[in-house]
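A.B. asks: Sequence:
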Amino acid sequence: MAEDGVRLAGFDASFRLRCVGVLPRLIAIATHLFLFPEATADALRDFSNAQANPS
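Residue numbers (the working numbering): 96 to 150.
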């Protein structure tokens, strides 16, 4: 039973660390999409063109 508690505590800590790393990135991406939709569309178009036509 103690092993389950340790495993769950480790999962919880690792999940929290992942959230702390991912959440600010998601907020930054959402903010950029909201504030600069044209720049985002241009960047996505350039990326997709680069993927379709590698040099």
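Hints in this document: simulated from the structure, not taken from any laboratory.
Model, not experiment: these values are computed from the prediction.
Every residue, glycine too, gets a C-beta built ideally from N, C-alpha and C.
Errors might be hidden in some of the hints.
For each label pair, taking beta carbons as the anchor points, the in silico distance ranges come out as [stated by the list, open to error]:
| hint | residue 1 | residue 2 | range |
| --- | --- | --- | --- |
| 1 | R111 | N148 | 28 to 36 Å |
| 2 | A138 | L118 | 30 to 38 Å |
| 3 | E133 | R111 | 17 to 25 Å |
| 4 | S143 | S109 | 18 to 26 Å |
| 5 | A147 | A123 | 22 to 30 Å |
| 6 | L118 | S143 | 25 to 33 Å |
| 7 | L118 | L139 | 18 to 26 Å |
| 8 | L128 | P149 | 20 to 28 Å |
| 9 | R120 | Q146 | 17 to 25 Å |
| 10 | R120 | D141 | 15 to 23 Å |
A.B. asks: Evaluate each hint against the coordinates.
C.D. replies: Cross-check of the supplied hints:
no.: 1; hint: R111 <-> N148: 28 to 36 Å; result: violated (42 Å)
no.: 2; hint: A138 <-> L118: 30 to 38 Å; result: violated (22 Å)
no.: 3; hint: E133 <-> R111: 17 to 25 Å; result: violated (36 Å)
no.: 4; hint: S143 <-> S109: 18 to 26 Å; result: violated (34 Å)
no.: 5; hint: A147 <-> A123: 22 to 30 Å; result: holds (27 Å)
no.: 6; hint: L118 <-> S143: 25 to 33 Å; result: holds (27 Å)
no.: 7; hint: L118 <-> L139: 18 to 26 Å; result: holds (23 Å)
no.: 8; hint: L128 <-> P149: 20 to 28 Å; result: holds (26 Å)
no.: 9; hint: R120 <-> Q146: 17 to 25 Å; result: holds (22 Å)
no.: 10; hint: R120 <-> D141: 15 to 23 Å; result: holds (21 Å)
Taken one by one, the earlier hints fail for this structure at numbers 1, 2, 3 and 4, listed in ascending order.
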